[in-house]
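Undergrad: Listed here are the chains, written in short residue letters.
Protein chains: 4
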Amino acid sequence: MNHIERIFCFCLLAILFCLGSKPPVGAFGPTPFADDSTELLQKMDGTVRHFGDLSRQIWEFAEVGYKETKSAALLKSDLRAAGFQLEENVGGIPTAFVATWGQGRPVIGILGEYDALPGLSQEDAATRKPRASAAPGHGCGHNLLGVASAFASVAVRNYLAEKKISGTIRFYGCPAEEGGGGKIYMARAGAFDRCDAILTWHPGTRNRASLSSSLANITAKFRFYGTAAHAAGSPEKGRSALDAVMVMNLATELMREHVPESTRIHYIITHGGAAPNVVPDFAESFYYARHPDMPILDGIWARIVKCAEAAALATETRMEMELVNSVYNLLPNDALTALLDHNLLRVGGVRYTGEEQSFAEALRKTFTGEDAQPLGSQESVQTPEAGHGSGSTDVADVSWIVPTAEFNTATFVPGTPGHSWQATACAGMSIGRKGMVVAAKTLALTAVDLLTDPRQLEAARASFDKRRAGHEYLSRVPRDQNPPLNYRDQ
Amino acid sequence: MNHIERIFCFCLLAILFCLGSKPPVGAFGPTPFADDSTELLQKMDGTVRHFGDLSRQIWEFAEVGYKETKSAALLKSDLRAAGFQLEENVGGIPTAFVATWGQGRPVIGILGEYDALPGLSQEDAATRKPRASAAPGHGCGHNLLGVASAFASVAVRNYLAEKKISGTIRFYGCPAEEGGGGKIYMARAGAFDRCDAILTWHPGTRNRASLSSSLANITAKFRFYGTAAHAAGSPEKGRSALDAVMVMNLATELMREHVPESTRIHYIITHGGAAPNVVPDFAESFYYARHPDMPILDGIWARIVKCAEAAALATETRMEMELVNSVYNLLPNDALTALLDHNLLRVGGVRYTGEEQSFAEALRKTFTGEDAQPLGSQESVQTPEAGHGSGSTDVADVSWIVPTAEFNTATFVPGTPGHSWQATACAGMSIGRKGMVVAAKTLALTAVDLLTDPRQLEAARASFDKRRAGHEYLSRVPRDQNPPLNYRDQ
Amino acid sequence: MNHIERIFCFCLLAILFCLGSKPPVGAFGPTPFADDSTELLQKMDGTVRHFGDLSRQIWEFAEVGYKETKSAALLKSDLRAAGFQLEENVGGIPTAFVATWGQGRPVIGILGEYDALPGLSQEDAATRKPRASAAPGHGCGHNLLGVASAFASVAVRNYLAEKKISGTIRFYGCPAEEGGGGKIYMARAGAFDRCDAILTWHPGTRNRASLSSSLANITAKFRFYGTAAHAAGSPEKGRSALDAVMVMNLATELMREHVPESTRIHYIITHGGAAPNVVPDFAESFYYARHPDMPILDGIWARIVKCAEAAALATETRMEMELVNSVYNLLPNDALTALLDHNLLRVGGVRYTGEEQSFAEALRKTFTGEDAQPLGSQESVQTPEAGHGSGSTDVADVSWIVPTAEFNTATFVPGTPGHSWQATACAGMSIGRKGMVVAAKTLALTAVDLLTDPRQLEAARASFDKRRAGHEYLSRVPRDQNPPLNYRDQ
Amino acid sequence: MNHIERIFCFCLLAILFCLGSKPPVGAFGPTPFADDSTELLQKMDGTVRHFGDLSRQIWEFAEVGYKETKSAALLKSDLRAAGFQLEENVGGIPTAFVATWGQGRPVIGILGEYDALPGLSQEDAATRKPRASAAPGHGCGHNLLGVASAFASVAVRNYLAEKKISGTIRFYGCPAEEGGGGKIYMARAGAFDRCDAILTWHPGTRNRASLSSSLANITAKFRFYGTAAHAAGSPEKGRSALDAVMVMNLATELMREHVPESTRIHYIITHGGAAPNVVPDFAESFYYARHPDMPILDGIWARIVKCAEAAALATETRMEMELVNSVYNLLPNDALTALLDHNLLRVGGVRYTGEEQSFAEALRKTFTGEDAQPLGSQESVQTPEAGHGSGSTDVADVSWIVPTAEFNTATFVPGTPGHSWQATACAGMSIGRKGMVVAAKTLALTAVDLLTDPRQLEAARASFDKRRAGHEYLSRVPRDQNPPLNYRDQ
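Protein chains in written order, with the numbering used here: chain F, 1 to 490; chain R, 1 to 490; chain S, 1 to 490; chain Z, 1 to 490.
Pulled out of the complex, with its shape left as it was, chain F reads as follows:
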């Protein structure tokens, strides 16, 4: 597609998505490329190595959610050195922080994450080689995520300072995205309240601004307490907690036919009894439920809880539910996405050296899935698509508070599965760092646009108001629930 076609298609999608909408937000066209921005990009090229090193250090730390002490310290130190003011221990989380520079409106935020995933330790090699057995690894590339966002924040700060432009740039250090819901507790503490727009990105296998939503998610552990008894000697005296888990699971399975098609319910049994010859007096399931729309998810969740209560009733056991985490569905922002798409096109994709090409080819040999994404696609930028992905993220909660948009860059070899050792490998070597630079530049350009062109912010706000219309944000995590700082402990 040429450029005109791209714009046409994007408009078309926006039309279809916002059926009956007024002139599409963002459609008056983003700010034309300024000389200033060229200069900005050139200056960023000067610190690529420095930020690349940071990303490798955090990749080596490989700290899991809420335990990202060294990773957070490294980023804080770098931002402090660049003149940012730090608010630490945000929301009672030791590794959450906000770094702010500048003054007055607008306030533009950029989200950064830096938590690793258990069990995904891997060398920066194209074959499976854990750096440490069963240790965590950056299989989601958050080492790149946090650093690119910091990189962009510093670049924007320098630009504002140099050009003497008023306004505020803010970096959000967000821990425990992977199931810990760090942003929920930061949001509860008001960290996002005085922001005009928020940008973020995520490592990926392609370059694309996102118009897509994510699934609202509620997760909880259902614990059943029964009565132990010798399973051969007096089973009639026992009340099996495992029976309760099975009744709950089955009732939920029967419910599957009677929920909307886009619902997702999945669970594991985390405790299924201690010894076969004892009627289990404790058993536990861990449930996730998801839907593109939080209020509908609420109704589905209430029915899952009924299944759990019914299981306790039928088996004469006692049930306790611990809500572990809950995130919203992401609210896409048409205007911000158009702007990100525009800037991403300007920055362009990722080109491999011969060595990187060889690495990519070798790595692709380890892929088992049937992914049609061709090698080479990392060089181009793809058109945003509406819809909703199949994942869930705590970025979604932010998107209900502030106009927020997201994009991906090709930090991973095309076709790399998510949360894989292959992703860890890419995130630790030059391919990952190249994608990271694309991200940092796109973030910086977009933040500057938002800081300098009030129409862009207005459009973002209009987009936000339109999509959020009639709904209020209220996290399903109980207000008295503390961040699960030890959720990664065994």
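These are computed hints drawn from the structure, not numbers from a lab.
The calculated lysine-lysine pairs, modelled on DSS-like cross-linking and capped at a C-alpha distance of 30 Å, are:
hint : chain 1 : residue 1 : chain 2 : residue 2
1    : S       : 76        : S       : 43
2    : S       : 70        : S       : 129
3    : S       : 466       : Z       : 237
4    : S       : 237       : R       : 365
5    : S       : 306       : Z       : 306
6    : F       : 221       : R       : 237
7    : Z       : 237       : F       : 365
8    : S       : 237       : Z       : 466
9    : S       : 306       : R       : 237
10   : F       : 237       : R       : 221
11   : R       : 76        : R       : 163
12   : R       : 237       : Z       : 237
Here chain F is said to cover these stretches of chain Z; the calculated rule only asks that three of the stretch's residues, wherever they fall, bring their Cβ under 8 Å from a Cβ of chain F:
hint : region
13   : 220-233
14   : 246-256
15   : 260-268
16   : 275-282
17   : 286-300
18   : 388-396
Label pairs and their computed distance ranges (CB to CB):
hint : chain 1 : residue 1 : chain 2 : residue 2 : range
19   : F       : 80        : Z       : 123       : 53 to 59 Å
20   : Z       : 465       : R       : 478       : 56 to 62 Å
21   : Z       : 92        : F       : 132       : 34 to 40 Å
22   : F       : 362       : S       : 320       : 50 to 56 Å
23   : Z       : 321       : S       : 472       : 41 to 47 Å
24   : F       : 362       : Z       : 322       : 34 to 40 Å
25   : R       : 190       : Z       : 362       : 55 to 61 Å
Keep in mind it's a predicted model, so treat the numbers as computed, not measured. All C-beta atoms, glycine included, are put in the ideal place defined by N, C-alpha and C.
Since chain F is already given, all that's left is putting chains R, S and Z on it; use the hints.
TA: Structure of chains R, S and Z alone, referenced to chain F:
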């Protein structure tokens, strides 16, 4: 075994059963055989043909529970002719009646039944030949049951009249034993209240007085009401009543491990949805639960009801339970059983003619089970055994109100399965009638013993008091529930 | 929307649906309205009453699938009178027939149906009044369906004859659409083989040509055979067929999470045991599975069969599957739909008299659903939408053999639920007949277009070839399976 | 009961148990009490303190199954010092050994065990005080078991040596009784093959020789392997191993109704998925099945395996079964039990000091069960009872190879629950040691009887032959399966 051994063994069993009991009731030995009783038996021989004809007529009527209009009328007419006073429509049941003769205490009752079983119509032939397709038949031999009891009642009446002995003999016309629970409603109406002892028998494959109990039983239909929806178009709008049936069944199956070993729970699904393309808004299960002890059964039943409630809760349906029937576990009476055993031995077993032997041999070829009961065993009388059978009967409810005992005679060829066309065949021909005469004579002798020897009644009462100690009879059928007069309608 | 907008939107949809397609078939625009066609419509007005009467007669016959003897006879008689040649007993079905007029190519077919639905008998009144208790009724309006198609066929015949145009018009008398799959057996007999295009319609609540597909469907009964035993006496000797049904159902429920989202699986239990005190030796489930794509459905169905086999294995029972019916997903035809849309717009919607308006208002008071379709919408014609409906139809099988298209007209008051007594009522009175006339006229205009403009047929063929590309039609109904002529018997 | 009554009752039980048997084995009465045996007992009193110390050391070692290195070494050292010949590493098990003294027939064996139970560490105190958190403890009193058996072996050796009696006494050091099945592998190695009789005992809450059997047992892990997939993104690509576990469990639960009443089936889920957002590709259940009769258990087990196979079939997963352990039902020996009962009566029960009485009273306050066993009952000896317990033991496998009998002594305060911290406490203090001395003396007296009175051995053999008649011993543990030496590792 010789006679001494028999008595020894019987005592032993009684000892074991009533551990720590005082001298076993009945153990002082039954009344020695009187000349009078020889005369009684001889006189009965004179009316064997008459009562045989009655049994054949009722066999041909083959009327199911609560619909035994002609059968009851026939028996009433015969008893009225013999001078009995009739109380009709007992407990609001058109085919229930009490026929009484004599005056004053003691009052000895004999139970009679006359309901047939659906689908067991059969000629009196040794090969499968229904008299009418899918019609009822006397596959439990109740045509013999009712008539032998009436035969005995008339014989006792004649004896009392002739010997000018005071006391009362009473025949109970009891409908719908097969699942209709007729005696429960007769008991509720007080029909058994002023009786000193009650005797009954049941057609069988051997001759034996019974020390055995039966299983208390509660039966109910669980009905679930959901929300219909097009199963392809909007399954998410449906709430499946069939899902509820499945959850209830599964929860109950999981409960099986956690009830006492001698519990029985069984069910069918009587309504499992109307059309596959509609989410079922109605579904129904029919449950039986049994245990040798009613209070324990109560606890088990309460848990089944919880499973049903849980199923409704989990599936967002509504549950209604209709208690269909409930009978007690039978309270054996050691003294009465000893007396029945004594008289049954006196009367002796059943001897076949050559023709009957051929019939028996032919019939046994149609048996598929692995029954060790040999042909010829119908000639002897077997020793009572304690324990409990696997069936349930409404005679049990009577046994908690009045000292009651029961015995079997070999009306069916040894090895005949219960509720079979083979049993129907036997009940309609000479083999059945021979067993019936053994029963009538045993009943008559025993009733006379009870009417003339106060020590026997005292022992029966002591036995009754000992076993019932600490428990009160209270039928689990709700007091406001009417006899299910149409329970056999489809 | 004005006319230009409509055309634009339609094109847009076609573009989106056939991504990357060559110039949309049908998009060169349908034949401009000819004077001839005005004349055709005027002539049809002259026989509206006659065909209205026929529709009422068939409404009164209300014959269920494969039993439509009088209904088929009436239509045959009318078509024979108009000079059509009749082929009867098509595919071995007494009520299936093909009526043909003319000669040579092209051959244009029009499908007609005339089966009623059990239990939906109703007067032509706005309140629930069955004409006969529990009797069938035309709750799907097939009385209108068959007659409109015959009406159109006769009109086309007259037009061809008068204008001396060569070509063939053919009416297909198709029994048992409602679950009997009549067209499958007609197709197997080659009835649709020499046709160039096929048109059909269906009574509805709106006027709209259809671009939508339907769900491929396989339905079967799974029968399990176990071993009976007394459920209290010797349950360990029994092997429960009901257990097998439960295992199968549960395994299938667990599978639900692991099939594509647009799959539909639904079942009822058609036999769940005979008596609670007998371990069931027979039990039966009736399953439907559906998916928008037949080959994918095949894979899902194979897994359901595995669940059934597993259930037999686990419960030591025997399983038999009887495939009851199977229809394909409908293959929409973009060119034919464009043509139908064009002609439907020309004919226009349905206008109510004051009396009809009152009837409609009264009837709508009996609707319980939350249908947004407003009263008055019956007057306009709506734009086709792609996608797939939630139902299944044997028209789909025809659509894989011949280019086929379908449309709806507002024979029912807007908001009328499908398969309802309200639909029966409408189908028997003037509102239904007005919609029927719209249908007949649209069919006639379109058939004439196809008979006279070769470009239209070419476009239809191209559309067909494109969508069917790479797939062959092969009914999943076994070749040796006869039409289930008695499937409506109880 | 006086002594005559006891003998009478015992005979009666034997009669009942061996219905139709010839004169009960052992019933000619055990050897009258000899002066020599009085001397034997007196000499044993001289080493009570020594063996008490050993038992306390092993109690402190508290080593779990197959890890009883120090415990076995201590016993070996003591027996070697007493002149026994040691065969070590029996059956390839480092902690299994056989210690033999003497020569020629008869050969009398005494079994000793010494493994502790995980998590039952406890001080010798009447309130809960673990010696080490979550550490093992002798909650089954095997520290007493092994030492009493060694104590008796040494006493018998001394007696034989002193009296110059020929014959052989043998101590079996048997590891891992608690679920490790040590004796199965010792038996496979032929360790019990040349023995004439084997005696053993078990710590308990009463003094009683055992006529009771135990349950045959088969245990296995069922492992299912499916296909992982993102549970929200592409659940349709996953095949859930947890689904397979659920189908297997449910099928087995439905089977429960259809196995003999005395069957026991119990299971836990040992692995129920790794993370809720991933379709589990691995899941595992751990099953036990038991029945009083091994061939019947085989049939039940085959059906459980079918349920597992069916689960794999229905869910498109793969199943692997690992048989973990299997023991026989114990074959009681009437003659040996009669002899043990006789000698146990001679030795008498356990008398508490004031301090022990206080300890017992305090400990009983921590009991929650409703045990009717009164304090004081430890002083008397109770009559053997037939039947079968609810547990399983690898002593059973020995009992099918050699005439074997067992008894209990009151090493635990009456009412102490099995496998409890209270049992650990008793096993470590004087109450446990008193019961151990009763056991050692009874074993010694009985072994001497068997070594000196050939009639006793003949009776034991006759008893053995009668009960085993027609059955051959063949362990269900595969011959190529090694002892699970690390089964207690986490």
